[in-house]
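J.: Heads up: the sequence lines are chains A, B and C, in that order. Each residue of the first sequence is one higher than the one before, counting from 484 in the numbering used here. Each residue of the second sequence is one higher than the one before, counting from 0 in the numbering used here. Each residue of the third sequence is one higher than the one before, counting from 176 in the numbering used here.
Keep in mind that the hints were calculated from the coordinates and are not lab data. Computed from a predicted model, the values in this text were never measured in an experiment. Careful, some of the hints might be misleading.
As the list claims (entries may be wrong) - In silico lysine to any residue, SDA-like type, Cα no more than 25 Å apart, as pairs:
#1 B:418 <-> B:488
#2 B:66 <-> A:952
#3 C:277 <-> B:615
#4 B:606 <-> C:277
#5 C:202 <-> B:626
#6 B:606 <-> A:627
#7 C:277 <-> B:620
#8 C:277 <-> B:602
#9 B:109 <-> B:454
#10 C:277 <-> B:603
#11 C:201 <-> C:271
#12 A:682 <-> B:71
#13 B:606 <-> A:657
#14 C:277 <-> C:264
#15 B:66 <-> A:536
#16 B:606 <-> A:639
#17 C:277 <-> B:610
#18 C:201 <-> C:185
#19 C:277 <-> B:631
#20 B:66 <-> A:533
#21 B:109 <-> A:856
#22 C:201 <-> C:188
#23 C:277 <-> B:604
#24 C:263 <-> B:623
#25 B:66 <-> A:951
#26 C:201 <-> B:615
#27 B:66 <-> A:976
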Amino acid sequence: MSNLLTWITFLPLIGAVVVSVLPKGRPQYAKWVAAAFAAVDLGLTGWLIAGFDRARGGAMQFAVDVPWVPQAAIRYHLGVDGISITMLALAALLGLLAVVGSWKVTDRPKTYFVMLLLLQVGMNGVFMALDFVLFYVFWELVLVPMFFLIGMWGGARREYASIKFFIYTLAGSVFMLVGILALYLAPNSGTFDMLALAKLGQAGVFRDIEGWVFLLFFLGFAVKVPIWPLHTWLPDAHVEAPTAASVLLAGILLKMGAYGFIRISLPILPHAARAWAPWIALLAVISIIYGAAVAFAQTDLKKLVAYSSVSHMGFVMLGIAAMNPEGLNGAVAAMFSHGVVTGMLFFIVGMVYERTHTRQIADLSGLSAAAPVTGGLLAFASFASLGLPGLSGFVGEFLSLLGAWRASTGTSPLFWSGLVVIAAVGVLFAAAYMLWMVLRVVLGRPSEAVRSVTDASGREIGVLLPLIALTLIVGIWWGSLLGFVDPAVKALLAATGAA
Amino acid sequence: MAWVLLIALLPALAFAAMAPMSRAVRNRMQWLPLTAMSGSLVLSFAAFVEVWRAGLGEEPVWEAAVKLAELGGNPLEVGLRIDAITAVMLLVVTIVGLCVQVYSLGYMHKDERRGWYFAVLSLFSAAMLLLVLAGDFLLLYMSWEVMGLCSYLLIGFWHEEEGPRSASIKAFLTTRVGDVGFALGLAVMWATAGTFGFGAVARFNWGAGAGLAAASAVALLLLFGAMGKSAQVPLHVWLPDAMAGPTPASALIHAATMVAAGVYLVIRAMPIFIASSHENLHAVITIGVITAVVGGLLAVVQHDIKKLLAYSTISQLGFMFVALGAGSTGAALFHLVTHAFFKSLLFLGAGVIIHATHTQDIREMGGLRRALPWTTTTFTIGALALAGLPGLSGFFSKDEILVALVNIPDAYRYGLWEKWVLVGLMLFAAGLTAFYMTRLWIRVFGDNACSLARESHKKMLVPMAVLAAISVVIGWTQPAFLTFLGHEAAWPDPLMAGLSVAVFAIGVGGGWLVYGRQVVDTEVIKARFPYAYGMLANKLYFDLTYSELLVRPFHELAGWLSRFDQRRVDGVVNGAASWWDDFAGLLWAGDIRVIDGAVNGLGSLVKRAGARVREIEVGRVQVYQQLAYAGLLIVLLVVLLLPWLRVLLGLLVPMLRGA
Amino acid sequence: MVVGPVAFMALAALLFCIGLFGALSKKSAVLVLMCLELMTNAVNINLVALSRFLTPSSLAGQFAAAFIMVVAAAEIGLGLALVLALYKARRTVELDRLDRLKG
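For reference, chain A alone in the conformation it holds in the complex:
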């Protein structure tokens, strides 16, 4: 069904329209309708996965490619390969879980769910778009609903956080736009199509401008990932955002930045990518250590998880910078795992906050005594986050390290080996802050705030169950995920390897 991708992308838009015209008097309709649309979207995505040919995962499948604005050579071009399909699956799943996780929203629920559905459109579209203008539209599209979600349903400093998030990310995107135009206007180009541009770039057509364009794209993606030092919007945005928004922000939006590197920077600007890779790796390792260290100093539970995201995305970038099969597989695995695990963490933190009305670690202790299921889930999520083998986090971290070490057999071995050693120490730090948090929050005697807490409800457990399952499945059988990813990685490296 060649229209499958279009349906997956725009079904939530239809959903948003439907929800917005629902009668105001019955707000509960909004959540059921939204959940229905999200569920159907997930179902369609599942159908897509079933129909996806993993062996040919290196090529774009289910593609649709029709002219959109012929006068400017803009096309409506969607497609999925091994890498995008994993991200799409993650987006569809987290989108549904976000809706179900927001079941208790009482403040302007209609608008809230419209925002979630609009966000879904953008997220789906980014991972499938193969035309730059289309890509840019979806990329920017996610900013608006997220801005409103943070600004209207967020915490105490929500205006500051939402504006900071919006402007910071937009600023980065503007640089990216210049890069897009540069590629379009370059001699022998005249196209916005990513696949065509990739072929041109690999043939060396953009040699003269490659360095600059890479830098422009880098700025756009680096803010999103986020790479140190462009990360400071993340803690505020995450802390002030409502639970579902945090889940989607950490789970999907951050991945869009890394995805940009893999889909755009590497294939279209391979020479520059290779030249800049060591610097990106350096920033990645700084992110790993810095994020972990600062996480350790946090007193706010949500901020701790936010900084841990900075640290984990550092591993993703390290794997990308390694530019070999282990590294790229590790990066995508880390992206997927981080989406699942951090999604879990934010859901659970949200559950705790709903019941105790505090996020301060100092006020929380003994959760497992008062609410054993919640405490156990938080402990499980924490262990997944620190990369315990057998859970999905380990796959990405380990493969990224392997990849980065293999990169040290090339040029500047000392630099790369040094980075790998420091990154490995980052793994140790990750254990430190997570265990310290578990020690304080989950174990021990129940504190004042925790004493009268109710345990997780069936719905809440239901939301977490798919995430727990994915963590275990991917952690034990790596091939379940990497079977999709590796062919695409292979194809990508083959195309850019000679560069």
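Using the hints provided, position chains B and C relative to the given structure of chain A.
T.: Only chains B and C this time, still in chain A's reference frame:
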């Protein structure tokens, strides 16, 4: 032989079944892990028989691998492997594991969360069994980490108290320091050899130059990982604190199995050590001998029975490392096996003792031999085995290590006097072992104090009896053990045996003299009235000299070492933690002020600039008009006067240039 | 003395400048409107005079002037209506006091 997977799978399934249960239900499900463990035990026996029949020594009887993923088309495989080493380890883990579980039925029967305890114990067993079944370093590493998790959960089992909480995190982090090295070693291994499998790595030709350096790097990094898990100096600091957990857990994890995993890792990595430089084996021996001696010295001054046993374990693990450094995996494995049985026995006994006397301080105990006859018997057997009584298992295994030291192959380049120094130090450590065990025994069971303690439940005594019986018998299997592994069969060497016995006697004798006969205790009094007592008998006079010259300085040294360990070595660990705390806070402040400050500063700059520019807008129409006309006037002037301006510039510019 | 185009232009310029000065500096809105009318009429004078002297046969300037007068009338009607509305709302027609769009 694919059914061997069940050995690890059964306890794992028990855990998976018990984990989601509610507390009440779980507490009644203790039979489940016991059944699983029994099943594993039976299957382990079956596996052992299979391996025995095949008689292939360290060559695998069965191997299987499954593709975990493809990386750029290259397969990444993990798999299982059964060889003689595996068979032995399987039996050790399942036997000790089952004994500990039965014991725990009695020990934990009043605990509110006993169901969870059994669940985690089950998961731990599964992980340890998977570790020994693993056929490659990656699966080994993964099980290794899961075991670390279970250790964390068990040490911190009574997490309402501060002590277990901090001990558990200390244990996890200290071992993780080692694990960082392990992971890096794996990375180098993959980059160089492209595989993780034991057989493939053993057969890999590392080449020369860079390849050899890589082999050394892998060996040393894996060694570092082993040091963490096996509590070698300086990564040993977590083990004494780990005693905060339930005693049977300590018996299983911190005496018999998990701490032995490091030794197991080095055994599996031995081909890498041999292929790389002999300096690496020197490193292993050095670490081992330091640990053996330091552990022994520290054990002498411990008052807490569990901590004493912990330091003893550290010391014994040092023994195993020494054997490894001498290139003898057989001796190391044999000692691992004997140690697993008698040390776990000692811990279980300690559990009974603590339970009965409600204290862990041996100075508050005494005379228990009358009150707890069974415990006394089994504990004594264990203690004598550890001390090295000829005929008991410890004697055989320690002796084998000494023999290995003496027979170090020339290829490893140990000088003759180096070897004998090592032998001397190890004999010293062995003597210490005998000494402190005697001290322990006398303090706990000796004296004539009347104790009101009652003997424990059968559930706790039967496993101890089983372990004691094994400790008596297993030493005699030494030749069979070595042939099973594919090494040369050997009985204890007479010279070494003689030295061991001598050292044992000195240790026990010294201990009895100092603590049984309380020579030192009365020494103070005697020192005050030397003439009054000096007349009585020459030998007292000798004793006095002896204690003054040897015992007291020796005690002071041990005490000083203990404090040094606690304050300096452990202090570094704690200091690093608080430094890290400060550093992290600093970085965060920097993050807020500097980096984020720049972002906010940019925003406020824009705001202020905007405010300035906004001042033009006065809101009064006439002002706008005035501005408009003024602008128009200026434009008109410029246009009209343009030719005059050109002339003016033409004159000015050369003037300026000239100036 | 021949009254040439220059005289008319001078008159127009004079009137224009008086009107401009008034428009820029008068406080009352009504007076500003009157000055605007003055400027408009100065332009009218210019148009008529130049048309008469330069292209007598085509009456372009005169037509333009008539056109402008009609538009000016409409504009003044509108302007005075606005001033009335402004007075009703703010009880003043002093331009200095009408700065709500400030900042």
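J.: Looking at the structure, which of the earlier hints fail to hold?
T.: Violated: none.
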